[in-house]
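Undergrad: As a plain string of letters, each chain reads:
Number of protein chains: 2
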Amino acid sequence: MVLQDFEKKIFKFIKDYKIFNKYDKILLGVSGGKDSISLLNCMSKLSHIYELELSVAHLNHGMREEAGRDEDFVRQICKKLNVPFFVEKKEVFKYASEKKVGVEVAGRDLRYDFFFRTLKELNYDKIATAHHMDDLAETIIYRIIRGTGIYGLAGMVPLEGVLAKPMLCVSLEEIENYVTINNIPYVEDKYNYSLEYSRNKIRYEISPKMKEINPSFQKSFFRLASTVWEYRDEVEKKFNERVHKTDENSYKIKLENDFFDSEVLRLTFLKFQKYPPNMEETKKVLLMKNKGYRNLKGLKIVKEKDFLIVTKDNNAA
Amino acid sequence: MVLQDFEKKIFKFIKDYKIFNKYDKILLGVSGGKDSISLLNCMSKLSHIYELELSVAHLNHGMREEAGRDEDFVRQICKKLNVPFFVEKKEVFKYASEKKVGVEVAGRDLRYDFFFRTLKELNYDKIATAHHMDDLAETIIYRIIRGTGIYGLAGMVPLEGVLAKPMLCVSLEEIENYVTINNIPYVEDKYNYSLEYSRNKIRYEISPKMKEINPSFQKSFFRLASTVWEYRDEVEKKFNERVHKTDENSYKIKLENDFFDSEVLRLTFLKFQKYPPNMEETKKVLLMKNKGYRNLKGLKIVKEKDFLIVTKDNNAA
Chain A
1 MVLQDFEKKI FKFIKDYKIF NKYDKILLGV SGGKDSISLL NCMSKLSHIY
51 ELELSVAHLN HGMREEAGRD EDFVRQICKK LNVPFFVEKK EVFKYASEKK
101 VGVEVAGRDL RYDFFFRTLK ELNYDKIATA HHMDDLAETI IYRIIRGTGI
151 YGLAGMVPLE GVLAKPMLCV SLEEIENYVT INNIPYVEDK YNYSLEYSRN
201 KIRYEISPKM KEINPSFQKS FFRLASTVWE YRDEVEKKFN ERVHKTDENS
251 YKIKLENDFF DSEVLRLTFL KFQKYPPNME ETKKVLLMKN KGYRNLKGLK
301 IVKEKDFLIV TKDNNAA
Chain B
1 MVLQDFEKKI FKFIKDYKIF NKYDKILLGV SGGKDSISLL NCMSKLSHIY
51 ELELSVAHLN HGMREEAGRD EDFVRQICKK LNVPFFVEKK EVFKYASEKK
101 VGVEVAGRDL RYDFFFRTLK ELNYDKIATA HHMDDLAETI IYRIIRGTGI
151 YGLAGMVPLE GVLAKPMLCV SLEEIENYVT INNIPYVEDK YNYSLEYSRN
201 KIRYEISPKM KEINPSFQKS FFRLASTVWE YRDEVEKKFN ERVHKTDENS
251 YKIKLENDFF DSEVLRLTFL KFQKYPPNME ETKKVLLMKN KGYRNLKGLK
301 IVKEKDFLIV TKDNNAA
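Residue numbers (the numbering used here), protein chains in the order written: chain A, 1 to 317; chain B, 1 to 317.
Note that these hints are calculated values from the structure, not bench results. Treat the numbers as computed from the prediction; the structure is a model and nothing was measured. Positions of the beta carbon are idealized from the N, C-alpha and C atoms, including for glycine. Misleading hints may appear alongside valid ones.
Computed cross-link-like contacts, PhoX-like style, restricted to lysine-lysine with a CA-CA straight-line distance of at most 20 Å [stated by the list, open to error]:
{"hint": "1", "chain 1": "B", "residue 1": "Lys-284", "chain 2": "A", "residue 2": "Lys-9"}
{"hint": "2", "chain 1": "A", "residue 1": "Lys-283", "chain 2": "B", "residue 2": "Lys-9"}
{"hint": "3", "chain 1": "A", "residue 1": "Lys-283", "chain 2": "B", "residue 2": "Lys-15"}
{"hint": "4", "chain 1": "B", "residue 1": "Lys-300", "chain 2": "B", "residue 2": "Lys-274"}
{"hint": "5", "chain 1": "A", "residue 1": "Lys-284", "chain 2": "B", "residue 2": "Lys-252"}
{"hint": "6", "chain 1": "A", "residue 1": "Lys-211", "chain 2": "A", "residue 2": "Lys-201"}
{"hint": "7", "chain 1": "B", "residue 1": "Lys-12", "chain 2": "A", "residue 2": "Lys-283"}
{"hint": "8", "chain 1": "B", "residue 1": "Lys-201", "chain 2": "B", "residue 2": "Lys-245"}
{"hint": "9", "chain 1": "A", "residue 1": "Lys-283", "chain 2": "B", "residue 2": "Lys-219"}
{"hint": "10", "chain 1": "A", "residue 1": "Lys-284", "chain 2": "B", "residue 2": "Lys-274"}
{"hint": "11", "chain 1": "A", "residue 1": "Lys-12", "chain 2": "B", "residue 2": "Lys-245"}
{"hint": "12", "chain 1": "A", "residue 1": "Lys-18", "chain 2": "B", "residue 2": "Lys-283"}
{"hint": "13", "chain 1": "B", "residue 1": "Lys-15", "chain 2": "A", "residue 2": "Lys-209"}
{"hint": "14", "chain 1": "A", "residue 1": "Lys-283", "chain 2": "B", "residue 2": "Lys-18"}
{"hint": "15", "chain 1": "A", "residue 1": "Lys-274", "chain 2": "A", "residue 2": "Lys-284"}
{"hint": "16", "chain 1": "B", "residue 1": "Lys-300", "chain 2": "B", "residue 2": "Lys-283"}
{"hint": "17", "chain 1": "A", "residue 1": "Lys-300", "chain 2": "A", "residue 2": "Lys-312"}
{"hint": "18", "chain 1": "B", "residue 1": "Lys-45", "chain 2": "A", "residue 2": "Lys-201"}
{"hint": "19", "chain 1": "A", "residue 1": "Lys-219", "chain 2": "B", "residue 2": "Lys-283"}
{"hint": "20", "chain 1": "A", "residue 1": "Lys-15", "chain 2": "B", "residue 2": "Lys-25"}
{"hint": "21", "chain 1": "A", "residue 1": "Lys-12", "chain 2": "B", "residue 2": "Lys-284"}
{"hint": "22", "chain 1": "A", "residue 1": "Lys-209", "chain 2": "B", "residue 2": "Lys-201"}
{"hint": "23", "chain 1": "A", "residue 1": "Lys-9", "chain 2": "B", "residue 2": "Lys-219"}
{"hint": "24", "chain 1": "B", "residue 1": "Lys-45", "chain 2": "B", "residue 2": "Lys-25"}
{"hint": "25", "chain 1": "A", "residue 1": "Lys-201", "chain 2": "B", "residue 2": "Lys-297"}
{"hint": "26", "chain 1": "B", "residue 1": "Lys-297", "chain 2": "B", "residue 2": "Lys-283"}
{"hint": "27", "chain 1": "B", "residue 1": "Lys-237", "chain 2": "B", "residue 2": "Lys-219"}
{"hint": "28", "chain 1": "B", "residue 1": "Lys-271", "chain 2": "B", "residue 2": "Lys-312"}
{"hint": "29", "chain 1": "A", "residue 1": "Lys-254", "chain 2": "A", "residue 2": "Lys-312"}
Negatives, chain A to chain B, calculated, CB over 10 Å [said to hold, decoys possible]:
{"hint": "30", "residue": "Asn-60"}
{"hint": "31", "residue": "Glu-176"}
{"hint": "32", "residue": "Met-210"}
{"hint": "33", "residue": "Lys-274"}
{"hint": "34", "residue": "Leu-287"}
{"hint": "35", "residue": "Leu-296"}
{"hint": "36", "residue": "Thr-311"}
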């Protein structure tokens, strides 16, 4: 099989970051837009090399008459590629107004809910989505503006749990070239979900200005993200070395009085699904004296000699 | 002496980051604008507490008729505050066209050249400039767009060598409030140097859009920078532990096969005043076999067991 540069790039990225293993069963999220159609094409080629098992999940958002056509379009392609096709119809607008969230958030929630249920039903290993380098740059910009430390700066990661993003290494422009050169049909889905205020501003007002300063500014974001991915691996390694789960509601952290103490503490909050404390709060915790304690975001933290005991505080609000 | 919140904030920052020591002799770069006049005011107050010795350096850029008035203005204030005043007149426009650089770069070059000479002549310890939180945010945006790793993401640091930036912790808005509330006179210097293309775009087109997403977006940049400053300290600690200067042109790096190997290697390039290699190049060096070698940016790197020997390659271009 002859591979194109675009495909080679993605396969190298998948290999470098160990995104997929041989024989993995992968559910692809495919809207029918150029991004996800490119994903489907590449993964279909890769599946023969890596002996992967693929299925496609498509959420019919029921928002326009085109939604039915998009569904049919993706179904036809799957038929041609011989990939099982799963579809679910949800009224995204209705859900958004009921839950009082934006249409973009509603669409994402419903899509991932459908993807995760399908993953479980099929007993599959991973969900792959078509997020690309421009999405990565946007997310990093958003994170920085709203506030983040180094760990959160990554924005997106190639593989997190079962969620795989094998196209983070290619830009939207490269995707557009790929579908054009190969005459690959796709549907226009960029108006499917109206972007929320900040995203809109970043995509249409901030990013184009950055492009004027550096035409390949997305690559700068990608390279920065890559160094942060390495940094995250290091923090997680330290976490595994220093933190032990003592029971369902409790972690014991060994303090080493070094740079990583604060990152390890913050990661412990994430393990409890809690937003980590900011730097000032983190420092106060690390500077506590023996037997000192603090309550933070529903967690109780007690200092015992060189250890911090972090426990879910069931009495907290 | 009663301190205002603005001043307290700066003094805490100076203390937290050990920017100045007791009895330090500090040369203040003062253009006469609100930023540097605020710096002069705060440092004058602090000098009594810390027993600092202050002098002011002012570059007369000779670019407009106002330049002479700016010089007189700063001289008068120094007289009132009893701070020695040093001035030098340079034709910035002429220098810029001779050196074929932008006016902004020319102004900066001439200013720092003057500051460093004066520092040496006075036998002073540090040069303090009035860079603030908005400058910090701009620099970080610029760095990210042009490409940087985590280490370079800091943009600016509170103290680097003799260069001190004690006002990084306050925003332009806070400076404006400070001079307004206290009725402090200053000169308008924002048109002194025309900003170069990218800076201009960031200041007037990108930053305002970020402000619309988060009105205190500069604080997000400041907090991110603070975590990067800690990270840099850690990298420098590792550098000091692992790297030994064997002679004038040579460093010996002990490899530990961990996350910091690449940052320590990159920092070694900076010690040679060389721009560090990118990640791909760095990885290739770290993956060399015993006795392997590479030439990079005028440096020769040889692998010897668990060490890298980095030598200035005098034969290189």
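Undergrad: Now tell me if each hint is right for this structure.
TA: Taking the hints in turn, this is what the structure says about them:
Among the hinted pairs, Lys-284/B with Lys-9/A is consistent with the structure: their alpha-carbon atoms are about 18 Å apart, no more than 20 Å. As the CA atoms of Lys-283/A and Lys-9/B are separated by approximately 18 Å, the hinted pair is consistent with the 20 Å bound. Restraint check for Lys-283/A and Lys-15/B: satisfied, since their Cα atoms lie roughly 16 Å apart, inside the 20 Å limit. Taking the CA atoms of Lys-300/B and Lys-274/B, the gap is about 12 Å. The hint holds against a cut of 20 Å.
Only pairs whose Cα atoms come within 20 Å are accepted, and Lys-284/A paired with Lys-252/B is rejected, the gap being roughly 38 Å. The hinted pair formed by Lys-211/A and Lys-201/A meets the criterion: a straight-line CA distance of about 14 Å does not exceed 20 Å. For a cut-off of 20 Å, the pair hint linking Lys-12/B to Lys-283/A stands: about 16 Å separates their Cα positions. Among the hinted pairs, Lys-201/B with Lys-245/B is inconsistent with the structure: their alpha-carbon atoms are about 42 Å apart, more than 20 Å.
For the hint linking Lys-283/A to Lys-219/B, the alpha-carbon distance of about 18 Å falls within 20 Å, and the restraint holds. With a C-alpha separation of about 39 Å, the suggested pair Lys-284/A and Lys-274/B falls outside the 20 Å cut-off, and the hint is violated. The hinted pair formed by Lys-12/A and Lys-245/B fails the criterion: a straight-line CA distance of about 38 Å is larger than 20 Å. Proposed proximity of Lys-18/A and Lys-283/B is supported: the alpha carbons are some 17 Å apart, at most 20 Å.
Distance check on the hinted pair: Lys-15/B and Lys-209/A sit about 38 Å apart at the alpha-carbon level, beyond 20 Å; violated. With a C-alpha separation of about 17 Å, the suggested pairing of Lys-283/A with Lys-18/B holds against the 20 Å cut-off. For a cut-off of 20 Å, the pair hint linking Lys-274/A to Lys-284/A stands: about 18 Å separates their Cα positions. The suggested pairing of Lys-300/B with Lys-283/B holds, with an alpha-carbon distance near 15 Å, which does not exceed 20 Å.
Between Lys-300/A and Lys-312/A, the direct Cα distance comes to roughly 6 Å. Compliance with the 20 Å bound is thereby established for this hinted pair. For the suggested pair Lys-45/B and Lys-201/A, the alpha carbons sit about 43 Å apart, so the restraint of at most 20 Å is broken. Restraint check: the Cα-Cα separation between Lys-219/A and Lys-283/B comes to about 18 Å, which is no more than 20 Å; the hinted pair holds. Using a Cα cut-off of 20 Å, the hinted pair Lys-15/A and Lys-25/B is violated, with the two alpha carbons roughly 56 Å apart.
Under the criterion of a C-alpha separation no larger than 20 Å, the hint pairing Lys-12/A with Lys-284/B is consistent with the structure, at around 16 Å. Our distance criterion of 20 Å between C-alpha atoms is met by Lys-209/A and Lys-201/B, whose separation comes to about 7 Å. The straight-line distance between the Cα atoms of Lys-9/A and Lys-219/B is roughly 37 Å, outside the 20 Å bound, and the hint therefore fails. Note on Lys-45/B and Lys-25/B: the hinted pairing holds, with a Cα-Cα distance of about 15 Å set against a maximum of 20 Å.
Proximity of Lys-201/A to Lys-297/B is assessed by CA-CA distance (about 40 Å); at most 20 Å being required, the pair is judged violated. A threshold of 20 Å between alpha carbons decides the hint, and for Lys-297/B with Lys-283/B the separation of about 15 Å falls inside it, so the pair holds. For the suggested pair Lys-237/B and Lys-219/B, the alpha carbons sit about 27 Å apart, so the restraint of at most 20 Å is broken. This hinted pair checks out: Lys-271/B and Lys-312/B have alpha carbons roughly 11 Å apart, not beyond 20 Å.
Using a Cα cut-off of 20 Å, the hinted pair Lys-254/A and Lys-312/A holds, with the two alpha carbons roughly 18 Å apart. Distance check on Asn-60/A: its Cβ is at least 32 Å (rounded) from any Cβ of chain B, clearing the 10 Å threshold; non-interface status holds. The non-interface label for Glu-176/A is consistent with chain B: the shortest C-beta to C-beta separation is roughly 22 Å, beyond 10 Å. Against chain B, the non-interface label of Met-210/A is violated: not every CB pair exceeds 10 Å, the least being about 5 Å.
The non-interface label for Lys-274/A is consistent with chain B: the shortest C-beta to C-beta separation is roughly 19 Å, beyond 10 Å. Distance check on Leu-287/A: its Cβ is at least 13 Å (rounded) from any Cβ of chain B, clearing the 10 Å threshold; non-interface status holds. Distance check on Leu-296/A: its Cβ is at least 17 Å (rounded) from any Cβ of chain B, clearing the 10 Å threshold; non-interface status holds. At roughly 26 Å, the least C-beta separation between Thr-311/A and chain B is larger than 10 Å, which holds for a residue marked as non-interface.
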